[in-house]
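Given only the sequences and the hints, what does the whole structure look like? Please build it.
One line per chain: the protein sequences are Z and E, in this order. Numbering (my numbering) for the first sequence: 1 to 475. Numbering (my numbering) for the second sequence: 476 to 950.
So the derived label-pair ranges between C-beta atoms look like this:
# : chain 1 : residue 1 : chain 2 : residue 2 : range
1 : E       : D877      : Z       : A334      : 17 to 25 Å
2 : E       : P690      : Z       : G132      : 55 to 63 Å
3 : Z       : L262      : E       : V934      : 58 to 66 Å
4 : E       : D558      : Z       : A334      : 53 to 61 Å
5 : E       : P690      : Z       : A444      : 45 to 53 Å
6 : Z       : V270      : E       : A687      : 15 to 23 Å
7 : E       : P769      : Z       : L262      : 49 to 57 Å
FYI, nobody ran anything at the bench for these hints, they're computed from the structure. The beta carbon of each residue, even a glycine, is placed where N, CA and C say it ideally should be.
Number of protein chains: 2
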Amino acid sequence: MNVLNVGIASFLPGLASSGAGFTALDWRPPARGNARLAFKAARLLADERVDRANAEAFRRMTVSRPVLLGVDLVRRCIPGLHDPQRRVLLHAGPPLAWARASGPLRGALLGAVLWEGWAQSADEAEALLAGGGVELEPCHHRGAVGPMAGVTSPSMPVWIVADPGTGRRAFCNFNEGLGKVLRFGAHDAEVLERLSWMAKVLFPALEAALAARGPLELRPLMARALHMGDELHNRNGAATALFTRALAPGLLQARIPQEVQLALLDRLSVNDHFFLNLSMAACKLAADAAAGVPGSTLCTAMARNGTEFGVQLSGLPGRWFTAPAPEVEGLFFAGYRPTDAARDLGDSAITETVGLGGMSLAAAPAIVRFVGGSATSALEGTGRMYAICEGEHPEFTIPALDFRGAPTGIDARRVVDLNRPPTINTGIAHRLAGIGQIGAGITAAPLECFEQALDAMEVPPGASTPGSSGRVTGS
Amino acid sequence: MNVLNVGIASFLPGLASSGAGFTALDWRPPARGNARLAFKAARLLADERVDRANAEAFRRMTVSRPVLLGVDLVRRCIPGLHDPQRRVLLHAGPPLAWARASGPLRGALLGAVLWEGWAQSADEAEALLAGGGVELEPCHHRGAVGPMAGVTSPSMPVWIVADPGTGRRAFCNFNEGLGKVLRFGAHDAEVLERLSWMAKVLFPALEAALAARGPLELRPLMARALHMGDELHNRNGAATALFTRALAPGLLQARIPQEVQLALLDRLSVNDHFFLNLSMAACKLAADAAAGVPGSTLCTAMARNGTEFGVQLSGLPGRWFTAPAPEVEGLFFAGYRPTDAARDLGDSAITETVGLGGMSLAAAPAIVRFVGGSATSALEGTGRMYAICEGEHPEFTIPALDFRGAPTGIDARRVVDLNRPPTINTGIAHRLAGIGQIGAGITAAPLECFEQALDAMEVPPGASTPGSSGRVTGS
Numbered sequence: 001m002n003v004l005n006v007g008i009a010s011f012l013p014g015l016a017s018s019g020a021g022f023t024a025l026d027w028r029p030p031a032r033g034n035a036r037l038a039f040k041a042a043r044l045l046a047d048e049r050v051d052r053a054n055a056e057a058f059r060r061m062t063v064s065r066p067v068l069l070g071v072d073l074v075r076r077c078i079p080g081l082h083d084p085q086r087r088v089l090l091h092a093g094p095p096l097a098w099a100r101a102s103g104p105l106r107g108a109l110l111g112a113v114l115w116e117g118w119a120q121s122a123d124e125a126e127a128l129l130a131g132g133g134v135e136l137e138p139c140h141h142r143g144a145v146g147p148m149a150g151v152t153s154p155s156m157p158v159w160i161v162a163d164p165g166t167g168r169r170a171f172c173n174f175n176e177g178l179g180k181v182l183r184f185g186a187h188d189a190e191v192l193e194r195l196s197w198m199a200k201v202l203f204p205a206l207e208a209a210l211a212a213r214g215p216l217e218l219r220p221l222m223a224r225a226l227h228m229g230d231e232l233h234n235r236n237g238a239a240t241a242l243f244t245r246a247l248a249p250g251l252l253q254a255r256i257p258q259e260v261q262l263a264l265l266d267r268l269s270v271n272d273h274f275f276l277n278l279s280m281a282a283c284k285l286a287a288d289a290a291a292g293v294p295g296s297t298l299c300t301a302m303a304r305n306g307t308e309f310g311v312q313l314s315g316l317p318g319r320w321f322t323a324p325a326p327e328v329e330g331l332f333f334a335g336y337r338p339t340d341a342a343r344d345l346g347d348s349a350i351t352e353t354v355g356l357g358g359m360s361l362a363a364a365p366a367i368v369r370f371v372g373g374s375a376t377s378a379l380e381g382t383g384r385m386y387a388i389c390e391g392e393h394p395e396f397t398i399p400a401l402d403f404r405g406a407p408t409g410i411d412a413r414r415v416v417d418l419n420r421p422p423t424i425n426t427g428i429a430h431r432l433a434g435i436g437q438i439g440a441g442i443t444a445a446p447l448e449c450f451e452q453a454l455d456a457m458e459v460p461p462g463a464s465t466p467g468s469s470g471r472v473t474g475s
Numbered sequence: 476m477n478v479l480n481v482g483i484a485s486f487l488p489g490l491a492s493s494g495a496g497f498t499a500l501d502w503r504p505p506a507r508g509n510a511r512l513a514f515k516a517a518r519l520l521a522d523e524r525v526d527r528a529n530a531e532a533f534r535r536m537t538v539s540r541p542v543l544l545g546v547d548l549v550r551r552c553i554p555g556l557h558d559p560q561r562r563v564l565l566h567a568g569p570p571l572a573w574a575r576a577s578g579p580l581r582g583a584l585l586g587a588v589l590w591e592g593w594a595q596s597a598d599e600a601e602a603l604l605a606g607g608g609v610e611l612e613p614c615h616h617r618g619a620v621g622p623m624a625g626v627t628s629p630s631m632p633v634w635i636v637a638d639p640g641t642g643r644r645a646f647c648n649f650n651e652g653l654g655k656v657l658r659f660g661a662h663d664a665e666v667l668e669r670l671s672w673m674a675k676v677l678f679p680a681l682e683a684a685l686a687a688r689g690p691l692e693l694r695p696l697m698a699r700a701l702h703m704g705d706e707l708h709n710r711n712g713a714a715t716a717l718f719t720r721a722l723a724p725g726l727l728q729a730r731i732p733q734e735v736q737l738a739l740l741d742r743l744s745v746n747d748h749f750f751l752n753l754s755m756a757a758c759k760l761a762a763d764a765a766a767g768v769p770g771s772t773l774c775t776a777m778a779r780n781g782t783e784f785g786v787q788l789s790g791l792p793g794r795w796f797t798a799p800a801p802e803v804e805g806l807f808f809a810g811y812r813p814t815d816a817a818r819d820l821g822d823s824a825i826t827e828t829v830g831l832g833g834m835s836l837a838a839a840p841a842i843v844r845f846v847g848g849s850a851t852s853a854l855e856g857t858g859r860m861y862a863i864c865e866g867e868h869p870e871f872t873i874p875a876l877d878f879r880g881a882p883t884g885i886d887a888r889r890v891v892d893l894n895r896p897p898t899i900n901t902g903i904a905h906r907l908a909g910i911g912q913i914g915a916g917i918t919a920a921p922l923e924c925f926e927q928a929l930d931a932m933e934v935p936p937g938a939s940t941p942g943s944s945g946r947v948t949g950s
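Dropping the structure here:
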């Protein structure tokens, strides 16, 4: 007897013990069995108007040209945050109130309140936050992104990345390095002192070096880093080295003290994640460019606040579709265990949103030492992402796939139809406030977010009606 | 009917047209059918004393610790070349007289004679060289290596790489960039002016920067570059960027004019092959460390002068085994064709000699755009090299092979037994003097060199006698 078991896991033990030959196919019905949504996904997949909208969103996303213009303080450059009387903190992910915030997000908010001088002790800071004395806003709502907790306060410096074609801007704070840092929820004196050093020393040094150098095109640098083993989310060593090389002449000519020049070079040398925040700003620019195409089911934001995972679609601009933030499988630093881990956190999934990071693991086989897996699983992982994407990035190519473009433009129709969520790789924060990073790993966006988002899409009148399935399930 | 055809190519057309099912196995008898040599290879493969000698040579090769000490002029630092009255030029590959030199080697020798001021015109230079007025010596005989023509003259600056453990030193000239350059046989005014700039501007700038910086450990940098898509022969972009980052603090502190600092940074930025010559010096140090282990059949030099390909074995130190230099299959710059190409040239196969370059193509999938092939062929190519190597490099690992060590320590016994030559990737020079680089590609060391070398190995008395074959043929 030979049996083909299609997706019914509960039959497997019986089959295995029966002695019969069997093949198990890991299959679930579209939309995980929600027939109404499966039908809607199929209908949208068969609708050429959606195809055209997605092609346009994909085009906007992939022609985006990120240029590093300079650096400035949040309150001087991010629209809406100029009022010095306003106590506002930006944070990662979809909107969230203090009461529901996770440990690492709370830790980072506490640290920022202390660092801004809005409170003199952690208790005072907590009371202020719990009492609503500080406004909380997603970075995403201000054209910004922030890794992990993403907490960005008015006195912090940020990168300014702009597209000269559209004038659009995106912002991201500076990278603090790994370990006990604010973005992973740590907030002791060492952490706050580093923030002060970044604002008082690093910021003016970068400002002077960039002014001497002039604007820096980020896309060729990022394309090159993808050919050098980076995926530009959790691996940025090549991009950081290339950025150092690009910045060095400006740094040399900047009229700043030599010890400051050396300190900046040292920082660029010891922190291989330095470029992450530039990658994120460049990706935010591309994602924002793709937002707002009517009828498009392409994803233009994936972001996590440690409590919830949120997704936005191009055709439903500004609306978040959320689900509980997932857990992360990964490698832990010595002394930590999976039970110590916070849930998935950060705006850094903006890299996956435009085809990098976990979508392009195949470009970065060495990353498996940091996030787990094998070189083969990295290749296969990227291979599986093409089926849920609109296309292949024309500039960001992957040598190990013979220069195939990165899988770009996550299409909610396909995610739902195939039950295949985008792969995300990420850092892992301790679940308690104040500790910091304890590892890095791989996770997947919750299908629920994409299902909700697709459910909310209006089907334009006159859409053609597909047959029983608008698309063959499988890659 | 089903036929298994083992290695007899002439049968294949008949089989194919017969309609019979058949499988063709690409097999040749050991030592390409030379029964005496095949038996000797088998006997040496079964000899544990050779195994022990090879293990020792492998150990010495892989523990070698290359440290960049500094730079100096050839006549001041290379032993035996101090006499200012001596007119001597070093060149790539095994020994060679002018009369038998290939076009690009002649072009480079002419250029060096002109640049040293030993002649005032190309005709005068040619007469001097043809008349024996300039001594020619292989770089390898002076602890040096040079890419392509490898022509190194007394007034040129060189890198000095040393192993602090043994005091051993290795030397290599500076990289000129691609295209119309001396090492590819070009020698017009532009080429000679660049040589002067390198000696008068680049050399003192590097000297000052390295003095301010202090010695630089090359092995961690090279190991890292292998994780960033370099194979450290034809792809050195990551290593050059990492080297720039490592050098920048010293350059900043060097008391040299700012325009010189900027010129050096610019050179490091535009020439991604800059690190090649450092990689070569580091590899020469490792290969020399492995030379001279009695009874060892490991290869310690592969080098080409454009006419001949030469190989040395550890157990036969200083002896060259040569065969005609092979042709190179590759990609040509616009306007050039395979018939324009010179034969394989250069000491850069020292990188393959210690496990890098063509042996580690799997580390550098992006290189296929430069030398041809596909990402899959790069993976497979490296996979096939393990069978002819003593072991896997403990520090140089390949992410795409799940961090397997680079195939290192080419064993002449195995090369001959399996008829499997080491893969080499290389630049391609025009066959005529004076033109320069016209492409890059892949070739293989001639089996003949390894056969001759193995033939010359003395079998120690008392060696055990193997059965019909000491080793299963196949990987």
